[in-house]
Structure formats: structure tokens, C-alpha cells
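S.K.: Given next are the chains, with one letter for each unit.
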Amino acid sequence: MTRLLVILILWLMLPILVENVVYHHINNSLLEKKKKFIEHLNQEEINDFIENQDDSTQTFSEFSTLHSEFLVLSKMPIKPHQKKTTFTNEYRKIENEESEYRILQHHFTYEGQDYQLEIGSSLSEVNDLTFVIKLFIIIVFVVILFITFLADTFYIEYLLKPFYKIIDTKIRRVNEPEMFDHTPIKAASRDFRELDFVLNQMMDRIAEVFKKEKQFISNVSHELLTPIALLKNKLENLLQNESLDDNAVDKIAGSLKTLDMLKKIINNLLLISRIDNNQYELNEEINLREIVSDLQEDLQDRIDDKEIQFQNRMQNTFVFTGNKTLIHILIYNLVTNAIKYNKPQGKIIVEDGYDDNHYFILVKDSGIGMDESQLEKIFSRFTRISYDQEGQGLGLAIAKSIASFHHIEITVESELGEGTSFKLRFQNHN
Amino acid sequence: MNVLIVEDNKELAVEVYDFLCNAGYICKIANSCADALEEFGSNDYDAMLLDLGLPDGDGFEVLQTIRKTKSKIAVIVLTARGELDDRINGLHLGADDYLTKPFALTELGARLFAVIRRIHGFTLNNLSIHGFLLQLQDYKVSFNETPLSLTKKEFDIFQYLVLNKNRVITRLQLTEHIWGDILEVNSDSNFIDVHVRNLRKKLDKHTSIDWFETVRNVGYRINE
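Chains X and U are the protein sequences, given in the same order. In terms of this note's numbering, the first sequence is numbered consecutively and its last residue is 430. In terms of this note's numbering, the second sequence is numbered consecutively and its last residue is 224.
By construction, these hints were calculated from the structure, which means they are not laboratory data. One should not assume that every hint holds.
[Stated by the list, open to error] Calculated pairs, EDC-like style, for lysine to aspartate or glutamate (alpha carbon to alpha carbon, straight line, at most 20 Å):
#, chain 1, residue 1, chain 2, residue 2
1, X, K324, X, D301
2, U, K72, U, D56
3, U, K152, X, D301
4, X, K212, U, D58
5, U, K152, X, D298
6, X, K234, U, D156
7, U, K72, U, D44
8, X, K170, X, E97
9, U, K201, X, D301
10, U, K202, U, D156
11, X, K234, U, E176
12, U, K152, X, E242
13, U, K152, X, E69
14, U, K152, X, E223
15, U, K70, U, D35
16, X, K264, U, E176
17, X, K214, X, E242
18, U, K10, U, D58
19, X, K212, U, E11
20, X, K324, X, D304
21, U, K10, X, E223
22, U, K165, X, E242
23, X, K165, X, D191
24, X, K214, X, D204
Keep in mind the model is a prediction, meaning the values are calculated, not measured.
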């Protein structure tokens, strides 16, 4: 683009430039001739020049044979403030042939007499020449344009090949730092080898952090959950003791419930943290319809308990690659949410379809709904829509994490008192 | 029936040990990978409970070593959820089942029972209680030759309670047994009551079931 602009500007400036050069050159040669003429001048010659000619005009003219040059000397008084030497372009008719001349006018005084000397040089040849030059330069420009274009597409492509290779293999395709390919990229230029080297170094550091994080999560799970297991087992064994009174039994049962809650919170937080650290693999074929019908079976008790009408209106068989356990949890959380915040004898509708070629699945309930302010923070951790419901408010945060891990767009629409609908919009590929 | 408990938390190991000894197993505890491998060198085990995070290595290494020499051993991996990574199918690596911590001992007992039965093909295909016969192979229950029609969930509850007879089983334990280790915090365990109520109704038609106790606010117990 910039190249075109430069060429356009050059091309527009070209006639002016050529003209300038040409006129300068002609002016010089005219001046040279004038100098020679004046040097060899003497009264005799002037008389020769003028008297041999028509006396009335007191003018002397001389032409070269092809009318490419002429010289005119005439007596003419010098006006005050008149420039001594001037250059003009004029049309002159010499022996019935009119053409453009570059003319030098020189006024001088010789032995008390004022003269005007005109030396002309034909421009017709010069015009022809500038035309040829312009044409030639245009051709050169076109050739240059073409060559630079070729250079761009092939040579620069060749030069930048390592660059694109680095982007592709080292940056774009890397999801797991551990899977990073450390083989150096072959590159002719030192810059790219340097870039590749630095990228490798950076990736090593990231991988190290990643590994530590994984190790940490694993340790936390083990160190937190083992004591919980111990407590749980002890309490369960304690419960078998016949001598306990009702009050003690209640307290133990209550403790077991709390412990169960603690376990689930830990597991949920670990789940979120592991998803956010990409510690799951996305390599299973998932059939959403199957997942939804499995879920319906699992949750039938709770659906029946609230006398909710569950309608599975899915019509498409959409299969994609992901992590089945996670997708199960995602849909599970949406559906249990729909059950939890539904009215008795309400409805839950699961629909699917395509919008803009993107497959989507919709989980709609006829529940209590939410207002704007609730909607805003619905996906943040530890938020609950209403406080008379049990739960820790992690379900939707998890849903969000799982969705973004799978590049699924999750959106929510809600109307207070009317119901809420969650939409999962899948990416096009696979 | 010899069981090796490989667990580095000694207190937890003792809890499991007591429970399994009560259930009639002969148990031994190993606290590290080295201990476990040594035990395997000196004794013949039918089953192993394996914790993954051991002080001197990964439990999976023990598993792989043992699998090379002994194929007919029932292995249940005990693990915290985060440890399994994506190897959630620890089953691929040679375990017969896995249980995430914290687990209920009764659940562990039921799993162990099922795995041993599957691998060793013991005659324990039937359980009986007060005249009811549970055919574990094909999920059938009969009373004095008269078949009962139970749903899958009712059968599972019944079997679980019978396997752990004389113990109070909490609703939470039953819920986890039936629906698995779900992550949802608000899984109020009362849904289990509906199934227990139906089960009791069906059993009650055949004989008096005062041995099927409801333990107030806590759960259920079947007495022998």
C-alpha cells in the first residue's frame, strides 16, 4: 500500500522534475552560446549583422538549418529596471514553421548603443525526449512494483517461515505446558532462533509453575481429605454404640452432615481449581442427549418430589469432544439449579437447536427467577440466589469454569417470578 | 480372606482394620510402599486396599509391581479426588475399584465384598435375612420362594443394609451408595426415605419387619 503511494507521488512529481532538469540544461547551453557571442563581438560584426539586413528593423537573424536554433540581434533601448537576462518559452514562427522555443533574452550596451540579443533553442525534440523518459520511467516503476510484490509473497514468506512456525507449534497449539515441543525451530536468521530459545525458556518456567500447582492441589486434596475420612469413620463407628442417648446420636448425625458438607466444598474448590489449571483432558466423545437422559434418571426422585414436569425436547444428536465427567457435572448443575429454584408443580424444559450454525442447548425453568443485580453475580463463587436455600453457591461457578474450559459460551436470561433459562452455545468445529 | 491395608495415616488404617476385622476379614496394615511389597513377599493376600499418596512413592507403583506377579488379587484404590488426575479410570491401571476419600467404612465393606465376589467367584452369591433371599447375581429377592419385585434402587438399599446388618446406616451413607459421590452440597438426603418406605412396604406384605429399624433423624438399621 505504502509502496503504491510512494510510486504515485513520484510519478506525479516526475514531469516537474524532468522539466526542471531539461530547462536547466538548455539554459546552460544558451548561456554558453550567449557568452561566446558576446566575447567575439565587435562593432564591425554588429554592423555586419545588422546592416546586411533589413535596415528598417535593424535586426539580424540567423537560423540553424533545421530550425532547431536561432539567434536574433536587434537594436533596442534598454528600459529601466529591466532584467539583463531572462528565459522564456515562446512559440515562434520561423520560415512558416511554428514551434516552441526556449529563448534567452539578453540586453546589453555596446559602444553607447543598446542591443537586445535573443538566442532560441527548439523544444520540440526535448518534448519528445521527456515523453520517452516518462514512458520509460513508468515501465521501470511497473517492473519494480511487480518485483517487490513477488519479493513480498515469496521471499518474505520464506524469511518469515520460522516465525509462523514458532507461532503455530509453540504458541497456538500449546494447551499443556508439559506437552510443549522443545525441538528448536530451524531458522536462517538469528532473531528467530533467539525468539525460539526465549520461548522455550519461558515455557519451561511455566511448566515448572504448572507442575508445582498440580502437586500442590494433589497434596491439599490428600492432606485435607484423609483427616476428614478418619473423622467420618470414627463418627460412624461411634454411632453404632448402643449406649448413646438420642441427644448424642443427633449431635453425631449433625457432625456427619457438616463433615459431608466440608468434604463437598473441598472437592468443589479442588474441581474448580483443577479445571482452571487445565488438569483435565478433552478427549472423550460426548453425546449430549445421552447425558441429559442419564441425568433425568438420576434426578427423577427430586423432580418427583417437587412434582415438576421435566420435558426433554432435544431433537438433534450433537456429538463433540470433551471431558465427559465435566460435561456431566455442568449439565447436572444447571438442571439441579432449575429444580432447586423451581416452584412446586413447575416445569423444566431442555431444548436444543442451531443458531448461526452454532449448536445450543437451553435449560429453562419456570422458577422464581432473578433480577438484574442477582444475574450479574450469578457465576461468581459463593453467591446464592436466595438464602432460604441450602447450598454453597458453587454450582454455577463450576458450570462457568467447565463451560469456558470447553470453549462453550454460557449465558443466562431471567425474569423475576417467571423463570430462568441457561443457554450453552457450542463452537462450530468437531 | 486376607486383606492388606496400605495406608500411611496410621489412625485411618486402624479404623479400617477394626471395621474389616469385625466383618470377618483377616487384615494386616502396611504404612509405605516398601512395607506393602514386603508383605506381599511373605503372605498371600486376596485383597488390597491401596492409598495412593504414600510417603515413599506412588501407590500405583506398588500396584503395577504386584499385578506383574499376582493377577487374582482384588485391589481397591483409596484416594482423594484431586490425586487421581485424569486417571479417574485408575481402573485402567489395574485397580478393580476405587473409592474417594472420605469414604464410609460400610461403603468400603460393600465394595470389597462385591470385588472379591467378582474376582474369586465365591459362593457368596446369595444373602439371606429373616427368610428373604437376595440373589446378588441377578438382583432378585424372594421370600420363601415367592419372588418380590423391587426396583434397582430398592434392591441396592436392601443389599447394602443387609451387608452391614446390625449397623446404623445414615441417610448420607445410603445416598452416596445409591447416587454416588455427588459434588452438590445441597443433596438433602431425604429422597432416600421415599425408596426405603417403598421397600419396607413391599417387605411388610410378606412378614413382620420389626427388624428393619428406623433410627430417628439418622438413618436405618437391619438387625439379624
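S.K.: Hint check: K170/X vs E97/X, CA-CA at most 20 Å. Holds or violated?
M.R.: With a Cα-Cα distance of about 78 Å, the restraint between K170/X and E97/X is violated, given a limit of 20 Å.
S.K.: Check the hint pairing K234/X with D156/U against an upper bound of 20 Å on the C-alpha distance.
M.R.: It is violated: about 25 Å lies between the C-alpha atoms, which goes past 20 Å.
S.K.: Take the C-alpha atoms of K165/X and D191/X, compute the straight-line distance between them, and say whether it is at most 20 Å.
M.R.: holds (14 Å)
S.K.: Is K152/U within 20 Å of E69/X, Cα to Cα?
M.R.: violated (120 Å)
S.K.: Within a Cα-Cα threshold of 20 Å, do K72/U and D56/U meet the stated pairing?
M.R.: Cα-Cα ~25 Å, so violated.
S.K.: Taking 20 Å as the top limit, are the C-alpha atoms of K70/U and D35/U close enough?
M.R.: holds (17 Å)
S.K.: Is K152/U close enough to E223/X, meaning Cα to Cα at most 20 Å?
M.R.: Cα-Cα ~36 Å, so violated.
S.K.: Hey, K264/X versus E176/U, does the alpha-carbon distance stay inside 20 Å?
M.R.: holds (12 Å)
S.K.: Taking only the CA atoms, is the gap from K152/U to E242/X under or equal to 20 Å?
M.R.: violated (31 Å)
S.K.: Assess, step by step, whether the Cα of K10/U is no farther than 20 Å from the Cα of D58/U, and give holds or violated.
M.R.: holds (17 Å)
S.K.: Next pair to validate is K201/U with D301/X; report whether the Cα-Cα distance is within 20 Å.
M.R.: holds (18 Å)
S.K.: Straight-line Cα separation of K165/U and E242/X no greater than 20 Å?
M.R.: holds (14 Å)
The earlier numbered hints that this structure contradicts are 1, 2, 6, 8, 12, 13, 14, 17, 19, 20.
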